[in-house]
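**Q** Now for the letters of each chain:
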Amino acid sequence: MGRQNLSRRAFVFGSAAVAGGVAFGSYAEAAQTATASDNPLTADLGPNSVTFNPWVEISPEKITLIAQHADIGQGVGSVQPIMIAEEMDLDPGQFEIRFAGPSPAYFNTGFADEFAPFVAADQSPAAEEARAATLEYLRKTGLQMTGGSSTIPDTYQKLRVAGAVARETLKAAAAKRAGVAIADLRTQSGHVVLPDGKKIAYLELAADAAKIAPVLDAKPRDPSQWRLLGKPMTRLDVRSKVMGELKFGIDMRMDGMLYASVKLNPNKGQPLKSYDASKARTMPGVKKILEIRNGVAVVATNSWYAMKAVAAIDCEWAPSAYPSEQADHWKVLETSFKPEFLGKEWRKIGDIEAGLKTGTPVEAEYRAPYLAHQPLEPLNGIGHVTDKGMEIWVGHQSPQFVQNIAAAAIGLKPEQVTFHNQWTGGSFGHRLEYENVRVLAEIANQMRGTPIKLVFSREEDFLQDIPRQIAIARHRGSVDNGKIVAVDLQLASTTPLKGLLERSGIPSKDPDGQLAAGLWNVYYDIPNFRGTSYEAQGLSPSTTWRSVGASTAGFFTESFIDELIHAAGLDPMKARIAMCNVPTYRKVLETVAEMSDWKGPLGNGRGRGVAFVEAFGTPTAEVVEVTKTDRGIRIDKVWVAVDVGKVVDPVNFENQVQGGVIWGLGHAINCELTYAKGAVQQTNYNHHEAMRIYQCPVIEVRGLENDPKVRGVGEPPVPPAAPALANAIFAATGQRIREMPFNKFIDFV
Amino acid sequence: MIELTINGTKHQVDVVPEMPLLWVLRDELGITSPKYGCGVAQCGACTVQIDGMAVRSCQAHIGEIAGKSVVTLEGLEKRDQHPVLQAWIEHQVPQCGYCQTGQIMQAISLLDLIAQPTDEDINEVMSGNLCRCGTYPRIRAAIHAAAAKKMAEK
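Heads up: the protein sequence lines correspond to chains E and H, in order.
Residue 373 in my numbering sits at position 373 of the first sequence; the count goes up by one each step and never skips.
Residue 44 in my numbering sits at position 44 of the second sequence; the count goes up by one each step and never skips.
Think of the hints as simulated: they come from the structure by calculation, not from any bench.
Cβ coordinates follow ideal geometry from the N, Cα and C atoms, glycine included.
List of simulated lysine-lysine pairs, BS3-like, C-alpha gap at most 30 Å:
hint : chain 1 : residue 1 : chain 2 : residue 2
1    : H       : Lys68     : E       : Lys247
2    : E       : Lys176    : E       : Lys211
3    : H       : Lys68     : H       : Lys10
4    : E       : Lys348    : E       : Lys483
5    : E       : Lys231    : E       : Lys587
6    : E       : Lys744    : E       : Lys331
7    : H       : Lys149    : H       : Lys78
8    : E       : Lys637    : E       : Lys599
9    : H       : Lys10     : E       : Lys287
10   : E       : Lys344    : E       : Lys357
11   : E       : Lys587    : E       : Lys574
12   : E       : Lys344    : E       : Lys709
13   : E       : Lys62     : E       : Lys219
14   : H       : Lys10     : E       : Lys247
15   : E       : Lys357    : E       : Lys338
16   : E       : Lys247    : H       : Lys78
17   : E       : Lys744    : E       : Lys677
18   : H       : Lys149    : E       : Lys637
19   : E       : Lys331    : E       : Lys273
20   : E       : Lys677    : E       : Lys338
21   : E       : Lys231    : H       : Lys149
22   : E       : Lys331    : E       : Lys677
23   : H       : Lys149    : E       : Lys247
24   : H       : Lys150    : E       : Lys231
Stretch-level coverage of chain H by chain E, calculated; a stretch enters the list once three of its residues show a Cβ under 8 Å from a Cβ in chain E:
hint : segment
25   : 25-36
26   : 40-46
27   : 69-79
28   : 82-94
29   : 100-111
30   : 134-141
I would like the entire structure built from these sequences, with the hints used as guidance.
**A** Given below as structure tokens:
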């Protein structure tokens with residue numbers, strides 16, 4: 001610890017996002033990172049064991065590889081160890097996996113790319129220099145966080161280098177022991193192979209390897225030599241998940257543990273005024289009723305008793321600081337397009353006012369509501385407070401901030417909080433927030449000596465879910481002589497990234513870079529262009545939701561571009577390809593056109609829409625095909641082309657892309673969160689359904705590898721889904737839907 | 001005390017009869033493949049078999065199922081060779097995996113009902129099982145593959 005005083009400057013670099021990007025830099029740089037002097041694995045290293053860097057530990061009994069990020073379903077617990085195993089010539093089954101503890105050694109290099117004030121497609125020397133400076137800053141701050149689609153971009157280079165350093169050092173140790181030249185050695189299946197064919201297991205070499213200097217100039221192999229990566233491989237966690245054997249955070253148990261559930265003020269962030277627990281006190285299984293800062297908790301002998309009892313407590317709450325009724329949230333947004341609420345004019349090309357006066361004007365207003373994250377595993381955690389400090393078992397994306405938040409809640413120092421990350425049943429941004437951590441610390445502190453397992457009821461999880469930003473866009477443009485001559489994009493929104501940072505202890509006065517995502521990174525040749533964000537004040541807190549700013553701005557921008565293309569009398573696909581000014585991105589559009597055999601209007605109540613968005617550095621094009629039926633719109637098929645530079649884990653890649661499309665479509669058609677009396681009205685999945693299997697289309701995916709950088713894929717497939725669907729509905733029906741959820745305006749089969 | 005048969009083993013539990021089977025399994029007996037997702041039969045993550053039928057264990061009060069036979073995913077016969085589980089592994093269905101044990105228990109029930117389900121049958125029977133990660137295309141493929149496997153074994 002100690003290096004986590006992350007100043008806001010780190011984020012000021014960021015014009016675009018907490019984002020993907022890539023671990024660029026030389027091998028030497030990566031190797032330096034890989035052998036940081038503060039390697040956290042050295043602290044608990046057993047006898048005759050060796051650790052080469054923060055990701056590899058070998059004892060005489062076992063090889064342990066560290067997954068540096070949190071596994072939120074995106075496959076971290078598989079692909080990160082496999083990147084190391086590839087270089088070490090280890091086979092699945094020959095190593096154990098452990099999630100990283102809090103340490104600046106695990107700082108996220110992936111955030112560097114888009115913190116720099118350049119759009120992703122700009123890979124000019126000036127842009128790269130700014131990114132290198134940002135990387136240095138991130139190194140100093142030591143920020144360890146999962147997010148921004150950075151699983152692969154952060155670790156592609158450093159984990160392969162970490163594996164190569166381990167391999168070459170083991171070879172050096174074997175060479176010394178056997179008295180042969182390193183060059184005559186090779187490695188295979190967890191062994192060093194000597195020239196005479198004899199094998200020495202890595203486990204046997206651990207003690208020797210600990211005595212020699214690590215081979216820092218080890219280079220990772222060329223992808224043409226990969227055994228595991230780049231090929232269809234079985235995720236390491238698939239079998240245990242299918243067999244029901246994998247323990248998620250919510251499945252953990254401790255000896256002597258009691259169970260807790262909570263009722264917190266649904267007026268987010270406000271305190272409890274008073275409560276009456278007389279009914280709860282005598283209910284079965286109840287051990288204790290506790291008052292905590294913003295609510296009440298029941299400790300009981302099982303989760304269900306705790307949930308039943310806490311539901312029976314009557315509470316009087318302090319009112320919300322934001323408008324209590326949803327209509328007033330929209331009113332605040334409507335009046336936020338004013339200079340005093342200006343976030344930033346992110347990009348300006350040509351003469352926008354003159355351009356808008358040329359040709360035929362087009363204007364449109366779009367809306368996107370608050371949304372919940374609601375991964376299927378509700379918020380939970382186990383906490384154990386003793387006189388020495390607190391131990392906490394919880395699945396979370398920000399280990400250092402978990403320590404800070406828990407420590408601050410109960411008057412400890414961050415280093416007195418021992419954090420054990422857990423497998424999680426999804427996140428989508430939910431597990432970047434802290435309500436369960438803070439509440440668990442308070443309860444466990446009042447129950448000192450007893451391990452406490454906290455489980456939020458689904459209803460409580462909905463009520464406390466800090467939502468996706470709400471936004472309105474007012475876009476203007478003009479077309480002339482079959483061309484788009486001006487595009488003026490303006491949106492007013494709540495601030496997801498600023499909100500998250502503030503709650504993480506890093507308040508910022510700078511404009512929220514996530515409001516630029518999907519607004520300024522528009523890669524069409526349009527002679528007059530402007531993208532501006534306004535930041536609405538006094539509304540519900542908001543946070544990062546799978547694809548963050550691009551989930552709203554991507555819908556607004558690509559819907560509006562489609563309206564302009566139609567106004568200019570052009571074909572939506574051909575026009576986008578013709579206007580696209582980044583060759584690799586044009587290829588993405590051309591690929592999706594080829595996959596879908598795009599030939600213009602389909603007729604007979606069928607329609608296709610296309611959308612293209614770059615998010616977190618990853619360009620994604622999607623075509624959605626729909627049919628208008630007697631019972632409503634049926635989504636038949638989706639084609640997706642996405643360029644990630646390198647497809648490292650092909651099966652999981654396809655799974656992530658399909659999942660992203662389903663996430664984008666499901667929420668666009670079916671979901672909104674609305675406030676009444678200060679609380680959200682949707683408190684279970686029947687009110688916030690997203691997509692079920694009956695609505696799920698066939699989704700065909702193709703990964704491209706033209707981008708010079710290696711990119712992430714967890715979030716980028718989300719933003720194009722909603723506009724591609726809206727554009728398809730327009731093509732099929734002539735009805736232009738400008739507000740999510742779409743089911744307010746049209747039925748879906 | 002209430003007596004229950006879970007995966008062929010008899011258990012005595014000392015809880016109120018209104019307590020849902022889900023929480024008895026998870027918290028009282030430590031059987032964790034049935035997951036808590038919604039508590040109101042909206043997500044299907046808690047699906048188990050009671051007397052051979054797929055049931056949402058969050059809705060089954062323990063007092064009403066005394067004497068019946070409960071099977072969770074842990075208790076499936078020949079689990080390692082089970083065609084549905086095999087298909088789930090081969091098609092790499094899980095992402096986060098939290099809903100999958102419930103999906104699998106529901107899919108087993110579907111294939112007991114309809115040996116060769118169409119996509120429409122799958123939509124009909126599997127729509128109560130929510131997946132937030134979006135594994136539906138793989139769930140469909142795995143169910144078709146499992147159906148083919150079961151036919152081949154006959």
